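Number of protein chains: 2
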Amino acid sequence: MSLLVVGSIALDNVETPFGKVIYSLGGSAIFTSMASKNFCKSSVVGIVGDDFPKEHFELLAENKINTQDLMVIPGKTFHWSGKYNDLNKAETLDTQLNVFANFNPQLCEDNKNCDYVFLGNIDPVLQMRVLKQMNTTKITACDTMNFWISGSRPKLLEVINNVDILFINEDELRMLVGIQNIFEAVQKAKEMGPKLIVVKRGEYGSFAYSDDFIFFAPVYPVRKVVDPTGAGDSFAGGFMGYLASVGNFEETTIKNAMIFGSVTASFNVESFSIDKLKKISMNDILARKEIMEKSIRF
Amino acid sequence: MSLLVVGSIALDNVETPFGKVIYSLGGSAIFTSMASKNFCKSSVVGIVGDDFPKEHFELLAENKINTQDLMVIPGKTFHWSGKYNDLNKAETLDTQLNVFANFNPQLCEDNKNCDYVFLGNIDPVLQMRVLKQMNTTKITACDTMNFWISGSRPKLLEVINNVDILFINEDELRMLVGIQNIFEAVQKAKEMGPKLIVVKRGEYGSFAYSDDFIFFAPVYPVRKVVDPTGAGDSFAGGFMGYLASVGNFEETTIKNAMIFGSVTASFNVESFSIDKLKKISMNDILARKEIMEKSIRF
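In order, the protein sequence lines correspond to chains A and B.
Counting in my numbering, the first sequence runs without a single skipped number right up to 302 at its last residue.
Counting in my numbering, the second sequence runs without a single skipped number right up to 302 at its last residue.
The set of hints was computed from the structure by calculation and includes no laboratory data.
In this text the structure is predicted, and so the values were computed from the model without any measurement.
It cannot be assumed that every hint is accurate.
Copies of the same chain look alike in the list, so a pair counts if it fits in one copy or across any two.
Derived pair list, reagent style DSS-like, types lysine-lysine, alpha-carbon separation capped at 25 Å [as the list claims (entries may be wrong)]:
hint: 1; residue 1: 199; residue 2: 228
hint: 2; residue 1: 68; residue 2: 199
hint: 3; residue 1: 259; residue 2: 293
hint: 4; residue 1: 280; residue 2: 298
hint: 5; residue 1: 298; residue 2: 194
hint: 6; residue 1: 80; residue 2: 259
hint: 7; residue 1: 159; residue 2: 68
Could you build all of it, start to finish, from the sequences and the hints given here?
This is the structure:
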């Protein structure tokens, strides 16, 4: 099965206690598609400027990531500049939308037939526009953030009501539903339409919540987090990639997807940009998955 | 097997968004012993003033908690007054040590022969004094807090080096070893002597760390946390009580103890003081344990 990934594509400046990178490849669509590459074929939907390095296109091609709907227009690529002091919270130093301000995803015929769709954290108007272009889908998912929760609520609620899976940070979940208790909050979000809510809790792991079950996935115990940028997106990439590789939405599949998401994110945070994601093999992933299974099995 | 529980015994004022209680039964020794009551016999070691209500002694007796080493001396019982605004962090309004300032645990002969020992969060000088009075023990454990980590470090390190299990909050663990990454920090604490480190992470659950394994236990998904006071102590009570009931220190036993600890703490936080702990049966505990198992099994 194939996965459509919609989101930002960025050239980021990132500084953490372990170093600094300049104009490095980033953005939700990049982290998600690169994280899914060991599981399934994916197509990335996004926009970049004519400054976007040729080597990045080559990297995507090498990883069999379809770029038919990766638009290139004159101008500069979306740029984010951030700094992590304690690795738990990014301080945004600068955001330049650049060509991303003109993003209006138009899918080619091939991409309209993707079975799985991940709508990264972008304007819900655009997320909805992509959903409407799909011919048929098996499973759709979206991510979002505080900016859209407060600023574009009605449209965001429409998206949430139209996807199967909502990926959301715990603080944003509380903001979305206005409830402090996380287990009460997730039930409220569930009532907004999705079949499954995946609550991301940073270094504390994540949990999946449906009508039938709740499942807690810890993080893989990484001893040196170099750069947390893209952790949530790479989690979603591993999760959605595995889901697409299996082709069903059963409880066991979802639980395994949670673990694969966690494993994939653990590789991502061990390097800047996608440096580690691009190197890992399925064997690397399976080795960590086995360790994770032991850490919750009894 | 029998469990010796050493710690504070208090009459607390607690205010949370769900209400307020005045001079209610509390203290680490109370939460821990009451949480262990469904698993094993325990003896509580502590001190109270002559204002300590007779009904509390009766409650302990009803729950087969041995009070031979619960000293009563003229004066007032230890009093803590605190307020929770967001249920995650207590604001201490008042602390009156009262008779607790004179606490100098002297064990009776019966208690010197307990197989399991839990040293609640008190002065490490006293924790060490109790340890030295034990004739033989199978498993010893201690808890501690920031006050002793900064103010009584050498003595605390001696205690830690002499117990099998260290229960510790994640922030206090970071403080103890001076390392931010939690998985690096726990390894450092492990090198201080204990066979097992149990890291408590509040609403995010806990994990156990030994030379052989790491095991993550989520929280039981409580939808209405009424009062988090004693959550850590009741976790330890369920954990140590189960350990004492089984009588070995194998990996499977420890993993089950983590789940029982989590379940016991989940009941505790659903009411003020020990109101819920005193009512629960083994069937109540097993019902939640089954739900918890499902939430991590796949």
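Give the relationship of residue 68 and residue 199 under a CA distance limit of 25 Å: within one copy only, between copies only, both, or neither. Classified as neither: same-chain Cα gap 30 Å, cross-chain 48 Å, threshold 25 Å.
Checking residue 259 and residue 293: alpha-carbon separation at most 25 Å within a copy, between copies, both or neither? Close inside one copy (12 Å) and across copies (19 Å); limit 25 Å.
Could you figure out if residue 199 and residue 228 sit no more than 25 Å apart (CA to CA) within one copy, between two copies, both or neither? between (35 Å within a copy, 24 Å between copies)
Check residue 80 against residue 259 for me: Cα-Cα at most 25 Å, and say if that holds within a copy, between copies, both or neither. Classified as neither: same-chain Cα gap 40 Å, cross-chain 53 Å, threshold 25 Å.
Within, between, both or neither: how does the pair residue 159, residue 68 come out at a Cα-Cα threshold of 25 Å? neither (33 Å within a copy, 60 Å between copies)
Under a CA distance limit of 25 Å, which applies to residue 280 and residue 298: within one copy, between copies, both, or neither? within (24 Å within a copy, 33 Å between copies)
With identical chains treated as interchangeable, where does the CA-CA distance between residue 298 and residue 194 reach 25 Å or less: within a copy, between copies, both, or neither? Result: close only across copies, 20 Å inter versus 30 Å intra.
The earlier numbered hints that this structure contradicts are 2, 6 and 7.
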